[in-house]
Amino acid sequence: MTLIYKHRLFWPLVALAALLLACTIKRPDILGITVLDGHLFGAPIDILRNSAPLLLVSLGMTLVIATRGIDLSVGATVAIAGAVALTFIASSDHPASVGTALGAIIVALGLCFILGCFNGMLVANFGIQPIIATLILMTAGRGVAMLITNGQITTVASAPFSTLASGFLLGLPVAAIIAYGVYLVVALLVRRTALGMLLEAVGINPEASRLAGVKSKTLVFTVYALCALLSGLAGLIFAANTMAADANNAGLFIELDAILAVVIGGTSLAGGKFNLSGTLVGVLIITTLSLTVTVLGISPLVTSLFKAIVVIAVTLMMSTRLRTMLAGLRERRRFQEASA
Amino acid sequence: MIASEPQQRPSTADAPEPQATHPVVQMTGISVEFPGVKALDNVDFRLFPGEIHALMGENGAGKSTLIKALTGVNSLSGGSITVNGTSTRFNGPADAREHGISTVYQEVNLCTNLTVAENIMLGNEPRRFGGLDWRSMRRQATVFLKKMGLNIDPGSSLGSHSLAVQQLVAISRAMVVDAKVLILDEPTSSLDTDEVKQLFTVMRQLRQDGVAILFVSHFLDQIYAVSDRITILRNGKLVQERFTRELPQRELVSLMIAGTSDAQVGQAVARNAKEARSENAQPLLQAVGLGRKGAVQPFNLDLYAGEVIGMAGLLGSGRTELARLLYGADKADEGTIELGGAKTKLRTPRQALGHKIAYTSEDRKGEGVVGDLSVAENIILGLQAARGWTRPLPATKASQIVDAYIKALGVRPANPNALLKNLSGGNQQKVLLARWLATAPKLLILDEPTRGIDIGAKTEIMNLVSELAEQGMSVVFISAELEEVLRLSDRIVVMRDHTKVAELPRTDDVDVPRLIEIIATGEETK
Amino acid sequence: MSTATATIAKSASRKLSLDRRYLPVLGTIIVFLLMLVIGGVRYENFLSPAVISNLFINNAHLIVLATGMTFVILTGGIDLSVGAVLALSSVITATLLQAGVPLILVLPIALLAGSIIGLGMGVMIQYFDVQPFVATLAGMFLARGLCFIFAPESVPIRDEGFIAITNWGLSTGRWRITAAVVIALIVVACAWWILHRTRFGRTVYAVGGGESSATLMGLRVARTKVTVYVISGTCASLGGILFAMFSRSGYALTGVGMELDAIAAVVIGGTLLVGGMGFVLGSVVGVMVLGLIQTIITFEGTLSSWWTKIVIGVLLLIFVILQRILSLRRT
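From first to last, the protein sequence lines stand for chains A, B and C.
Note that the numbering used here numbers the first sequence so that position 24 is 24, with each residue one more than the last.
Note that the numbering used here numbers the second sequence so that position 521 is 861, with each residue one more than the last.
Note that the numbering used here numbers the third sequence so that position 153 is 1019, with each residue one more than the last.
Source of the hints: derived by calculation from the structure; they are not laboratory data.
This one's a predicted model, so the numbers in the text were calculated from it and none came from an experiment.
Incorrect hints may appear among the rest.
Stated by the list, open to error - If you want a taste of the chain C side facing chain A, the calculated C-beta under 7 Å gives, among others:
#1 Val1000
#2 Ala1004
#3 Phe1014
#4 Val1087
#5 Ala1088
#6 Leu1126
#7 Leu1183
#8 Ile1184
Claimed, not checked - With a Cα cut of at most 30 Å, we get these calculated BS3-like pairs of lysine-lysine:
#9 Lys577(B) - Lys215(A)
#10 Lys215(A) - Lys737(B)
#11 Lys685(B) - Lys217(A)
#12 Lys683(B) - Lys705(B)
#13 Lys705(B) - Lys378(B)
#14 Lys577(B) - Lys782(B)
#15 Lys217(A) - Lys520(B)
#16 Lys683(B) - Lys696(B)
#17 Lys782(B) - Lys217(A)
#18 Lys537(B) - Lys408(B)
#19 Lys408(B) - Lys273(A)
#20 Lys782(B) - Lys378(B)
#21 Lys782(B) - Lys215(A)
#22 Lys683(B) - Lys215(A)
#23 Lys217(A) - Lys273(A)
#24 Lys537(B) - Lys215(A)
#25 Lys217(A) - Lys696(B)
#26 Lys215(A) - Lys633(B)
#27 Lys273(A) - Lys633(B)
As the list claims (entries may be wrong) - Which residues of chain C face chain A? A few of them, derived with a C-beta cut under 10 Å, are:
#28 Gly966
#29 Leu969
#30 Ile970
#31 Pro974
#32 Tyr993
#33 Gly1027
#34 Gln1160
#35 Ile1162
#36 Thr1164
#37 Phe1165
The beta-carbon is built from N, C-alpha and C at its ideal position, and this holds for glycine as well.
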């Protein structure tokens, strides 16, 4: 029992359960899943689908944070990916063809990869602090996205492309399959190869890692490139969802949500040990929070207040100072009880 | 208190009295404990006005702990401190400074981004209309700078000056509060000869003004050039307090590093020195004129398979710096390395690893241990780094290697999944050794592998080194303990003041006193 | 002794000419002047009093934000909450005025809101070891959430006293100055005085230069680190009041992303993001550079507004790389 209690995902999972419980109290049938036309529908399926972009971004962010870094530019990258893909489709002769959709995806992801390499170069090769290096693309990125869409909210119709967001495969939403599939692949890649261990080593003790012969520059470079690539994929799902490239609002604040998900999941922003399953729980909490707020009839705008409370609670819980203070209090109480 | 162990603990009362009769600082029976370690054990120390008093000792002797005990950074577990005749406890360097005890550190602890004037005056700055009065601040700063013989613009930023100037500015800052005691903690480490001269001039001037100076340095010549008295610490205990002019260098060195009794080394087998190498043996590694500015003077060194090279020398003598050049941890500015007769560049640890060279740093915690990773992960880290992340070590092979080394080296607890940070120092060291042995190196460089670990682990590691050499590995063994070096080595390299001063085969007439002689004077008296 | 002194003194005077404290700011001023020249050559009426006056009037709130941000960044921290706090203070001002609370009470309450949020973030950072980035992120979420609790919709301001202040202005010829600009400039002057003429101000620099050194010098590091966030929060809420004057309303969605503008202005203004080096006047020039970019793009006509962001990004890139080169040379 104490083992369960002490597990690092205990509190995040309790939070997730509480959110779902709050929904069920208000609407008892909300967690039900119905089958319609061979597709699954219902709130749990919605959560899976809605969490897809955030999961992809948070996945990359977790790896970046493991190396003592941070990537603020993921939101801008999301916007750029959508802008590139939809502009590509809009300017093509056969917007509805599968080939065009594939072309759009490849071009968009290619550009995102290059942007990730840019970040990686600034951090790994130039030695610029990650927060500053990625601030550049965070600022300029949305301008670039608007440059691509020429400031319009480009709207296109391409059935193959919109499948990314609204399609179903084996009864499940394609977006969810992509995101959770990529999550599994990356998780396997990280834990089955030595990538995860080497990233952690670099994050925990960079100098010891260097002396042990770890190529930390290459590793750091790689995670920024990977993070941008995953953000680009998230951007494609966003764009396919609305079929409109909104350079201003696509992926707005997703970098903050992603960092929040990583932190809730128990990965320290100081780098080192990372926890991909924790990140998944963090993503689910944030996505469910939106649903809960809607179900409870609270204005969705107040969501950020809840996020603030979560951030403050989680970071204070992790603070050693507060822990020692609490331990001290408990000690004193025990002492008082004993002496009384 | 003194009666309890009269032989081991020489009382300072026996030492000759200096010119001033009352010490400005008197520390009596000082003990400081950290979890599991007694860093200072019943140490007496006193400081008289108008003297330069050197504090000597090797790593872990307790020099910095004593300074920190005085300035209130470390709390005492026993003993008393009297300053100017009144019993005192400070609660930090700032508090100590207000009471006339200022510290200047090796890494100048001033703000390089502020101006020289601010660095001297901040905290005692002149005010005008409720704000800082820059003009008189600069004027007052100039007065203090003049005393140091410095003619620099007090409005310039501190970072634009050399370390020597920064050092003197730090001393100026100490003078602002009318310091009676000045602690100089390795102030000369990064200064060149002229700069050291300048610093000494200032120190002598201050001594004349009645300031008591506590001086820490690893350079014996400097100690003899400037100090009046010497207190020697070893392993947290007071060894002796002596007048400098009455203490020969050789004796000083032996007081600092002797004391590795046979009991401490335990069961370690003394290696038999190797039979003479065959004439045409090819060196495994040949360093020619290898050097790095400010770290090691150019040196030549040949390493052969199956040989243990011992490195003797005091802390700061360049022994670590030499080892780092051989591994490519630092880049050499000059000279070449030849591996198996072919010229090679070693610019990164990675390249050295590729050539089957391995190195354990003396800074176990900062440069070796990856604390949050498990024992198993730490062991395979080097091997895995060499393979690259795309080719993971197969799990079964990894666990074979890990289990084999845990067993062979006797790592406790023998749990491959324990986090390395939770192991004791000795076991952490064994895990790091395992990391390097797993890469099957031809050359293994061990920088103080026996420091700060218990006797049992020490013995095991030394036995292991013997075995490895028997199996044909070339080993460079660095240790502050001359006994250890003598027991293990086939040849001994002596370092002094960043220079390789001697290289001698271990023969019967090479013993601790002879090594001490070389370390102390830089040459052998025949 | 004399020879040793001479060599040291010589090396000192040689290095003196390379004093790098002013180099980044110099760069900013050169960029600013270049832009003025380019604008003046390319467009008619560009160097007119009206354009320059508007540069200040339109950016008064940003000047105040950047001033507060300068304190934080000088200590090596960062404050992401300023945009949201600005919105919160403008919403509080508008809502309270609409509810009939007297102006003399409303303004201190709005200001205090920012100070309190700043204090909370400072305490989290200093005493609970939360990274500035995370603590101020929480502050941002909190302020933005509170905005919506106060007023989800835009609230117009009709208070006569407030409008009177807003309308106040001085003009000679085509030069014009508003109350908001006067307040912003007073804030900058105060900030300059605090940073350069008080021990607290010098401690701000000392903390950014090296926290442990500052502690060993006996400076009050903990108090300083908390105070800079209080200052930044207060500046942000003052910025909110100025913005409410500018827009005559309070709206929960104002100032989204404005923290980035403030950070960009400070960095372009020559303040090192690692802390310890920079000037508040540089940040003002930084704001002016951002304003000029926008002005030039408006004048150009054919260039679209998004070029602003791209140009800011490119300027950031250049300045960050320059700073990196400077700091590499220093070590």
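If you test the structure against every hint from before, which numbers come out violated?
Violated hints: 4, 5, 8, 9, 12, 14, 15, 19, 20, 24, 27, 28, 29, 30, 31, 33, 34, 35, 36 and 37; rest satisfied.
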